[in-house]
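J.: Read off the chains here:
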Amino acid sequence: MYLLTSSVGRKQLMAVTGLLLVGFITVHLLGNLSIFAGSEAINIYAEKLKSLGPVVWIFRLVMLVLFLVHITFGIQLTLENSAASPETYAIKQRTKTTFAAESMIYTGLIILAFLFYHLLHFTFHLVQTDAVDAVHTLVNGRPDVFSMVAKSFNSAFVSIVYIISMAALFLHLSHGLQSLVQTFGFNNGTSQDKVIGIGKLVAIFYGLAYIAIPLAFLFHIVKI
Amino acid sequence: MILDGKAPTGPIENSWDKHRFDMKLVNPSNKRKYKILVVGTGLAGGAGAATLGELGYNVDAFCYQDSARRAHSIAAQGGINAAKAYPNDGDSIRRLFYDTIKGGDFRAREADVWRLSQVSNNIIDQCVAQGVPFARDYAGYLDNRSFGGAQVSRTFFARGQTGQQLLLGAYAALARQQKAGTVKLHPRTEMLDLVVVDGVAKGITVRNLITGEIESHWGDAVVLASGGYVNVFYLSTNAMGCSVTATWRAAKKGAFFANPCYTQIHPTCIPQHGDKQSKLTLMSESLRNDGRCWVPKKAEDCEKHPKDVPEEDRDYYLERKYPSFGNLAPRDIASRAAKEQCDDERGVGPGKRGVYLDFKTAIDRVGVDTIKERYGNLFEMYEKITDEDGYERPMRIYPAPHYAMGGLWVDYHLMSNIPGLFVAGEANFSVHGANRLGASALMQGLADGYFVLPYTVSNYLAGITPGAVKDDHPEFKRSVEEVQAQISKLLKINGKRTVGELHRELGKVMWEDVGMARSDASLNHALKRIPEIRDEFWNNVKITGEANELNQQLENAGRLADFLEFAEILTKDALHREESCGGHFRVEHQTDDGEAMRDDENFTYVAAWEFKGAGNEPELHKEPLRFENIKLAVRSYK
Amino acid sequence: MNLTLHVWRQKGPKAKGKLETYQATNVSEDESFLEMLDEVNEELIKAGKDPIAFDHDCREGICGMCSQVINGKPHGGQERTTVCQLHMRSFADGDEIFIEPWRAKAFPVQKDLIADRSTLETIMQAGGFTSCHTGGVPDGNALLVPKPVADYAMDAAECIGCGACVAGCPNSSAMLYTSAKVAQLAVLPQGKGEAKARVKSMTDALLDEGFGNCTNHYECQDACPKGINVKFIAKLNREYIKSLV
Chain F
1 MYLLTSSVGR KQLMAVTGLL LVGFITVHLL GNLSIFAGSE AINIYAEKLK
51 SLGPVVWIFR LVMLVLFLVH ITFGIQLTLE NSAASPETYA IKQRTKTTFA
101 AESMIYTGLI ILAFLFYHLL HFTFHLVQTD AVDAVHTLVN GRPDVFSMVA
151 KSFNSAFVSI VYIISMAALF LHLSHGLQSL VQTFGFNNGT SQDKVIGIGK
201 LVAIFYGLAY IAIPLAFLFH IVKI
Chain Y
225 MILDGKAPTG PIENSWDKHR FDMKLVNPSN KRKYKILVVG TGLAGGAGAA
275 TLGELGYNVD AFCYQDSARR AHSIAAQGGI NAAKAYPNDG DSIRRLFYDT
325 IKGGDFRARE ADVWRLSQVS NNIIDQCVAQ GVPFARDYAG YLDNRSFGGA
375 QVSRTFFARG QTGQQLLLGA YAALARQQKA GTVKLHPRTE MLDLVVVDGV
425 AKGITVRNLI TGEIESHWGD AVVLASGGYV NVFYLSTNAM GCSVTATWRA
475 AKKGAFFANP CYTQIHPTCI PQHGDKQSKL TLMSESLRND GRCWVPKKAE
525 DCEKHPKDVP EEDRDYYLER KYPSFGNLAP RDIASRAAKE QCDDERGVGP
575 GKRGVYLDFK TAIDRVGVDT IKERYGNLFE MYEKITDEDG YERPMRIYPA
625 PHYAMGGLWV DYHLMSNIPG LFVAGEANFS VHGANRLGAS ALMQGLADGY
675 FVLPYTVSNY LAGITPGAVK DDHPEFKRSV EEVQAQISKL LKINGKRTVG
725 ELHRELGKVM WEDVGMARSD ASLNHALKRI PEIRDEFWNN VKITGEANEL
775 NQQLENAGRL ADFLEFAEIL TKDALHREES CGGHFRVEHQ TDDGEAMRDD
825 ENFTYVAAWE FKGAGNEPEL HKEPLRFENI KLAVRSYK
Chain C
863 MNLTLHVWRQ KGPKAKGKLE TYQATNVSED ESFLEMLDEV NEELIKAGKD
913 PIAFDHDCRE GICGMCSQVI NGKPHGGQER TTVCQLHMRS FADGDEIFIE
963 PWRAKAFPVQ KDLIADRSTL ETIMQAGGFT SCHTGGVPDG NALLVPKPVA
1013 DYAMDAAECI GCGACVAGCP NSSAMLYTSA KVAQLAVLPQ GKGEAKARVK
1063 SMTDALLDEG FGNCTNHYEC QDACPKGINV KFIAKLNREY IKSLV
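Residue numbers (our numbering), protein chains in the order written: chain F, 1 to 224; chain Y, 225 to 862; chain C, 863 to 1107.
Simulated from the structure, these hints should not be mistaken for laboratory data.
Once the Cα atoms are required to be at most 27 angstroms apart in a straight line, the calculated DSS-like pairs of lysine-lysine come out as:
| no. | chain 1 | residue 1 | chain 2 | residue 2 |
| --- | --- | --- | --- | --- |
| 1 | Y | Lys259 | Y | Lys694 |
| 2 | Y | Lys720 | C | Lys911 |
| 3 | C | Lys967 | F | Lys96 |
| 4 | Y | Lys716 | C | Lys908 |
| 5 | C | Lys1104 | Y | Lys403 |
Please take these sequences and the hints and turn them into a complete structure.
T.: The structure is reproduced here in structure tokens:
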């Protein structure tokens, strides 16, 4: 497969999978934000999701493939790139790039680690068992997802893990969003600064929106 | 000896077409049996190597830079002439031919110039096909600008980087052939000797500039396209690595050096700023399309800010002296005029060696944006070097050595007096006579490379057996030993002066005595000084490092050694040519109002010098020039 | 002014290099950076020491030969300026200046500040041309190229092939260099025919020669002494996508 070996081909795959993953976190975020509409809302949402059955599994499979492609090529490209620049300058001055751009691999790996933690936490209920047990109680005939989340985020440690991970997501997106616009070829020179600016704003939005949830519970803005 | 340029006879209009038919061809399947060596990868060498490779010959190309794309053709800014007559302003092949002969002050061979004018149109087509982004109008048609020495707009350009774009076109063609395997490029390799076997050029000896290794290369023909020699003045607009070495080493093997005294001093260069300066920077002559040259009328105004010199106290000397050509007078005339003003104590800037080039009138007429569009990069360059804003205050300019019209003598086939040795581009003497017009160098380089060499080299090869002499011939070994001996000799001197210092010293003598104005006394002074500096060099130069490594001092020393021999021939040529013509101005031979005065009766010939060893009198050979299509006339731009 | 220089010295391709310190004294502000180095070298030669080897040729910013990373920036970081066009007036008395060669796996150092850039040649040979023969081409005006297109092509074609984009790139990628040629030829009617093959072969060569991949840092644009815009990389990406369909 030419696409899988060429420099620009893999860049395109990174961008396509990146874009789809942004789609995923958008949907995920919308669902999560229902928590602010009260306990009933998120419980209904969770039940609805579960009732979809095989569709959820297909969706999960697609997500797995997207993540695998994005992660594999991300790591591969990073290794190639560091091999291409083995020696460093005694003095290094960067003017155009950003911390976010230079730390893509690290923020990416943080997000990956978080992904495992997140799955173990809210999907497989294997960490913080005392808090996640709440999901087994039925409220109005539905699993009490709301309480599970709320109790989890009452723990400062768990909240901080989520907040740090979402900060990494923000950094990853702040480079990734404008990057995919460039990679798809939508840049005519004058638009570039705007795209970079908008990319950062959107990244900030995602970051803040995701962080808002643990923060809301941690500081008891939303209560059980 | 009377030399024969072998120019075709008969009506000049058909001369090249007829001659092309008369020349012999090499069968396509036999071409790959021949090997051609091309030294230099500028417009002439790059285009020649690519085209010869494309035809099917095996080509080995050599350049001292790390890439073929860096040859100094790249620095040409203004444009390339062609007789396309797109603007419908009265241009034709004949007019380009006429302008070039007249611009060269009637010291070029008619048939060569006709051929150049004729193929000029093919060059534009060729470059367009390569993707050279020439300036275009909104409808998409090619744009033209005017250049010195012509009253028509026939110059094609790519912003202020025409040379770069044309060279990149040739470089791309070369890259294509490299990929196809027909051309093998040897970058960072300098030619240090020509191998002549039984009077025929059969190869070259080169130094690998990275490893220091001396290598032999055999070829059925050798093409020198190694550029010009004005770095003999030390300060010039040439690149630091430009040298006379390749052509001079060929001259030492018997090739005649023609008209070395024809050197071009370009009028629009940035004035010198100090003693440590390493080179002068040219700004395209196209600036004179919109810029007006002036100096204050009164010497006491020279120190003032140019804005404080009122209009009536300014002397627009080119417009005054040459009303019909004005600021677009040819280079030699514009340069001498600038020198005259400065000699008259009316120069401006540090040392008072400078004149103003003022864009105020043009900016008022077409607006600053248009001027920016036309010359933006030149203004930028000017500001970088001088820290002055050319839009706000007039630029300061002064003439500087720029181009060598002289070069190795070649016949109509671009073949030197040594069979098998071809010389192309600035390295030969052929088409520019005593003065080159702006935008004609690019034209000549590409004409030689794309459209002349492929025919004439083939014609030569058709008459010889391929690979008859290879690098196992004893001459190759002898040549390598000679080169190695010179290198060890240089490294052994271990004196006190650096190569740079001695080059500066030579340059100062050449600029002052053999520069824009030459006299019997100054030339004789130079002839006394050059051998002294040469002796100093061979007794007291200091070169660190070793032979078998990357050693830039050693490279420079070898080049300077050649300049020190060549300078003498240049000066002798200038001394013998008792007339003023084009870039060669003898103060003894001028009209009452200071214009150059030719002596057609005695000097309508090409002076080709045979080197007889340093310190020995070179032998002069003459090729008489005949003008059958253009009447010899006093060159007037008034 | 007087300056302290820390210059990368390396005897040969396999030798280990290190920064050495030199003093540049009595430097005039009208001098160019290379003229300042010339002076330092003259002193070194007189002291019997090996002068600093560096690449340079035209000294007017067009040949692309000069290549030094000065204080961490290719060509010294002044906008649209090559080392040879950098003048000492942009430095102050007493400054410390770090001078290093281009560094990338694809640009091995040959001596001191001289790096081997032949890998850039291979990229060009992979397709940076139109396959036209000498002669037998149509009239220059036969194919019209409206001014905006010609200008766009020229903006890309200004690349001098110095390699600063690689030296400045955190990934040592030559994507800006490659894209400039791909974009120039892709918009011109003369080059369109081979556009699909060109973008593939040139970007493949880039990888084969040991350059890194582009991850949109845009350092190249800042490092480029000709101000080549990264929009040409976007154009290359577009051309690549087109080549797939």
